[in-house]
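There are 2 protein chains.
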Amino acid sequence: MKELRLGIAGLGVVAQGLLSIIQNNGQLIAQRTGTWLKVVRVASRTEKPEVDLLGASFSKSVDELWKDPDVDVIVELMGGVDTARDLIVNSLNKGKKVATANKAVIALHGDELINDETTGRLKFEASVAGAIPIIQMLQKALVANQFAQIVGIINGTCNYILTAMQEKSLSFDSALQKAQELGFAEADPSFDIDGIDAAHKLTILLSLAFGRPFDFEKIYVEGITSISEEDIRYAEELGYQIKHVGIIKNEGQLLEARVHPALIPKEQLLASVLNEQNAVHVKGDSSGDMLFSGPGAGSLPTASAVVSDLVAFATDDEKPIGETNIVESINESSYELVSMDRVCVPHYLRILTEDKPGIMAKITSILSEFDISIEAVIQKGSGISLSHVSVVILSNAVRESVMREAVANIENLSEVSQGIVDIRIENMSQKES
Amino acid sequence: MKELRLGIAGLGVVAQGLLSIIQNNGQLIAQRTGTWLKVVRVASRTEKPEVDLLGASFSKSVDELWKDPDVDVIVELMGGVDTARDLIVNSLNKGKKVATANKAVIALHGDELINDETTGRLKFEASVAGAIPIIQMLQKALVANQFAQIVGIINGTCNYILTAMQEKSLSFDSALQKAQELGFAEADPSFDIDGIDAAHKLTILLSLAFGRPFDFEKIYVEGITSISEEDIRYAEELGYQIKHVGIIKNEGQLLEARVHPALIPKEQLLASVLNEQNAVHVKGDSSGDMLFSGPGAGSLPTASAVVSDLVAFATDDEKPIGETNIVESINESSYELVSMDRVCVPHYLRILTEDKPGIMAKITSILSEFDISIEAVIQKGSGISLSHVSVVILSNAVRESVMREAVANIENLSEVSQGIVDIRIENMSQKES
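In the order they appear, the protein sequences are chains U and Y. The opening residue of the first sequence carries number 1 in the numbering used here; numbering runs sequentially from there. The opening residue of the second sequence carries number 1 in the numbering used here; numbering runs sequentially from there.
Some hints could be false.
Note that the list lumps identical chains together, so a pair holds whenever it fits in one copy or between two copies.
To be verified - Straight-line Cα separation of at most 20 Å, EDC-like style, residue types lysine to aspartate or glutamate; simulated pairs:
(1) K38 with E64
(2) K38 with D188
(3) K94 with E411
(4) K94 with D111
(5) K380 with E267
(6) K218 with D111
(7) K266 with E236
(8) K380 with D422
(9) K266 with E167
(10) K2 with D116
(11) K48 with D72
Please keep in mind that the hints were generated in silico from the structure rather than gathered at the bench.
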């Protein structure tokens with residue numbers, strides 16, 4: 001029986017989940033894979049660990065992990081960026097293998113961390129979409145495919161909040177508060193609700209699916225703070241759910257990579273992914289439309305993904321598929337990221353305007369000037385005052401730069417209030433039968 | 001650059017899909033994996049192949065594949081059972097590797113084909129759920145998990161027919177005819193609509209998830225021929241969709257393995273998987289509830305799964321994980337399959353009865369005698385005659401043997417017509433938030 005000797009950095013929820021899986025299912029995993037996962041050393045700033053370390057030594061410095069000759073694999077579960085990066089660099093330099101659940105460190109430092117020297121020694125399945133093995137999907141199971149489109153609900157906090165607004169008719173603030181109470185949102189939630197976390201994850205998917213560098217700063221990012229319950233109701237009435245998604249689209253050799261709220265047609269599976277669940281829709285040229293859904297975070301689900309990396313270390317070749325040539329393919333990648341201006345999708349607009357004769361004509365003639373056609377329109381009392389109405393318009397596919405200008409012109413109308421709500425519509429083309 | 005030399009048996013749709021992927025994406029696959037997929041020889045009964053064989057030799061006998069020293073991997077895409085089995089046995093004996101999309105041959109001969117000599121040399125990702133990499137999920141990505149439940153829509157023909165009945169209000173016969181016109185059902189559809197195909201696939205999932213022998217004959221099987229549009233409407237009214245599913249449940253060390261139609265609550269993702277799509281819901285003790293959906297058949301999707309096996313051959317260890325110890329774990333498996341009599345789930349009953357005073361009392365008192373409680377009831381005109389009504393009842397969870405006896409007693413009432421419809425209800429417990 002082979003033994004894989006682990007040094008675990010951090011003792012938070014994911015590390016505790018990992019210890020618990022090894023304790024409960026270690027024997028099953030050994031039976032299935034021929035490898036024992038043995039925890040040799042755990043390091044954390046905790047004064048005295050209060051969980052069972054399964055006989056491992058305890059250190060307060062993570063440096064003792066990579067310095068320990070008895071440790072084969074460093075499992076980085078501390079979070080944060082700088083200290084995690086240093087630990088990973090030191091561990092890899094020392095010849096260790098590293099598994100991490102840390103999306104930020106991969107998204108921001110992936111280009112430095114993954115190179116000819118380290119290829120195959122750094123795995124990060126748990127960094128995107130928790131228990132969903134999306135990285136193995138892209139690198140192994142779907143290796144035959146050119147990817148046309150990847151659309152993912154990859155932030156559980158946003159999905160929880162939007163679901164709560166929809167199903168429990170809560171305001172954004174109340175939904176956020178409920179998410180915090182249930183542990184689905186941090187005390188400072190900005191990282192999640194502003195879309196940064198999703199953009200980290202999308203950076204990783206973009207790099208793996210298209211052999212690109214880890215281009216975090218090139219990804220367009222919007223959060224969900226501007227979404228109101230009213231928009232969720234209108235979207236519903238029009239046959240859509242509002243989801244916060246990360247999107248990669250491949251048109252020819254041009255790639256779009258963007259994170260923002262979007263109206264998803266109700267009949268698509270992605271629209272039915274609720275609460276804190278994550279899901280990734282992948283369209284491959286051979287596989288067709290695939291959806292993978294599951295818990296995107298949490299102690300045991302994230303640790304489940306970490307274990308799959310550990311087992312892969314124990315059983316794969318030195319140069320496992322997918323990672324074999326990631327460095328080469330990054331250098332050779334012929335894909336180009338297009339600027340947001342060139343993205344062309346249908347839009348949902350909600351316009352708050354005084355209820356005066358002729359206002360609809362003014363709005364629609366502006367849209368018409370910009371060659372924007374109207375696919376659906378709703379006009380209703382705004383609920384704010386008797387003198388105002390909400391006009392909701394679904395447009396055809398329009399270039400971002402054109403829509404921005406049209407919206408600015410509509411906002412210039414004296415009857416129209418500032419702050420037109422503009423949400424993109426994502427229509428993953430699915431085969432009709 | 002490594003080269004994997006393929007001998008392809010068969011020239012049907014999946015083989016053509018494989019050739020097409022290699023032609024179009026062969027270079028991409030090589031770039032990602034460091035391995036060229038080279039088609040050395042193709043064998044088929046076709047007089048003269050009409051597709052581009054990418055420079056491969058052509059034989060009319062599949063024996064020339066395993067006899068060819070230039071072939072590393074035999075790709076069995078002929079279908080059928082006996083000839084396929086012989087080809088696989090000969091190829092493995094000759095030391096070749098084999099990838100197959102053939103669920104029947106694995107379900108029926110898996111125990112013979114997978115043994116200490118052959119372990120790791122036979123792969124069959126494409127045999128279950130087409131493009132969905134459910135085998136790699138169970139064996140690799142979710143290796144940390146004990147599986148509590150696996151519920152799959154694993155026959156595209158049945159799912160297409162049930163969806164068409166639901167969405168286009170077709171009778172079973174018309175829906176079947178439409179499926180045949182579109183190529184989603186065979187001229188002789190019995191293999192699919194009687195549940196045999198799904199049972200083959202469930203046999204494979206059962207073996208891989210629980211280290212069981214390939215127990216095809218022990219799986220309980222019902223098809224969809226008794227489902228009427230009326231049942232689909234009632235189910236909808238009660239908040240359910242009728243799906244044909246393969247189910248494995250693990251309670252303690254007791255396993256249920258059964259294939260039959262079931263009412264699935266609408267809020268569960270599985271209920272929204274439409275048309276010819278497949279999906280597998282997996283509940284792991286660490287991962288939680290996961291759903292994987294995608295095309296369950298077809299030329300390119302199935303070939304996409306075959307390619308993932310080929311690439312795994314090219315890059316994995318001799319003894320890849322999951323298959324490493326499949327033989328040992330089969331011998332050691334402590335799981336026991338329970339008989340159908342002991343399965344205990346809620347039921348949907350539709351009873352056609354004369355519209356006479358007191359009949360409801362008679363039916364409910366029989367149920368009460370058997371300690372069966374009623375969760376919901378609908379009584380409506382039957383649409384068949386003015387003198388008859390349909391009584392639809394949802395029960396609590398009841399042992400199969402008890403329900404069978406209760407149904408027999410109700411059928412004995414003089415007012416009740418023969419042929420009570422009895423469909424099980426599957427409630428995958430999902431976390432409420």
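20 Å Cα threshold - placement of E167 relative to K266: Classified as both; 14 Å inside a copy, 15 Å across copies.
Copy assignment of K380 with E267, given that the CA separation must stay at most 20 Å: neither (25 Å within a copy, 30 Å between copies)
Is the C-alpha distance from K38 to D188 at most 20 Å within one copy, between copies, in both cases, or in neither? This pair counts as neither: shortest intra-copy Cα distance 36 Å, inter-copy 54 Å.
With identical chains, the pair K94 and E411 could be close in the same copy or across copies; at 20 Å between alpha carbons, which is it: within, between, both, or neither? neither (59 Å within a copy, 75 Å between copies)
Tell me, please, which holds for K266 and E236 at an alpha-carbon limit of 20 Å: within, between, both or neither? both (8 Å within a copy, 17 Å between copies)
Give the relationship of K2 and D116 under a CA distance limit of 20 Å: within one copy only, between copies only, both, or neither. Answer is between; shortest inter-copy Cα gap is 18 Å, intra-copy 27 Å.
Evaluate K48 and D72 at a C-alpha cut-off of 20 Å and name the case that applies: within, between, both or neither. Close neither inside one copy (24 Å) nor across copies (56 Å); limit 20 Å.
Evaluate K38 and E64 at a C-alpha cut-off of 20 Å and name the case that applies: within, between, both or neither. For K38 and E64, the Cα distance is within 20 Å only inside one copy (17 Å; across copies 48 Å).
Pop the pair K218 and D111 into one bin, within, between, both or neither, using alpha-carbon distances up to 20 Å. Within one copy only: 14 Å inside a chain, 52 Å across chains, cut-off 20 Å.
Within a copy, between copies, both or neither: which one fits K380 and D422 at a CA-CA cutoff of 20 Å? within (17 Å within a copy, 47 Å between copies)
Is it within, between, both, or neither for K94 and D111, if the alpha carbons may be no more than 20 Å apart? within (19 Å within a copy, 45 Å between copies)
Checked against the numbered hints listed earlier, the structure breaks hints 2, 3, 5 and 11; every other hint is satisfied.
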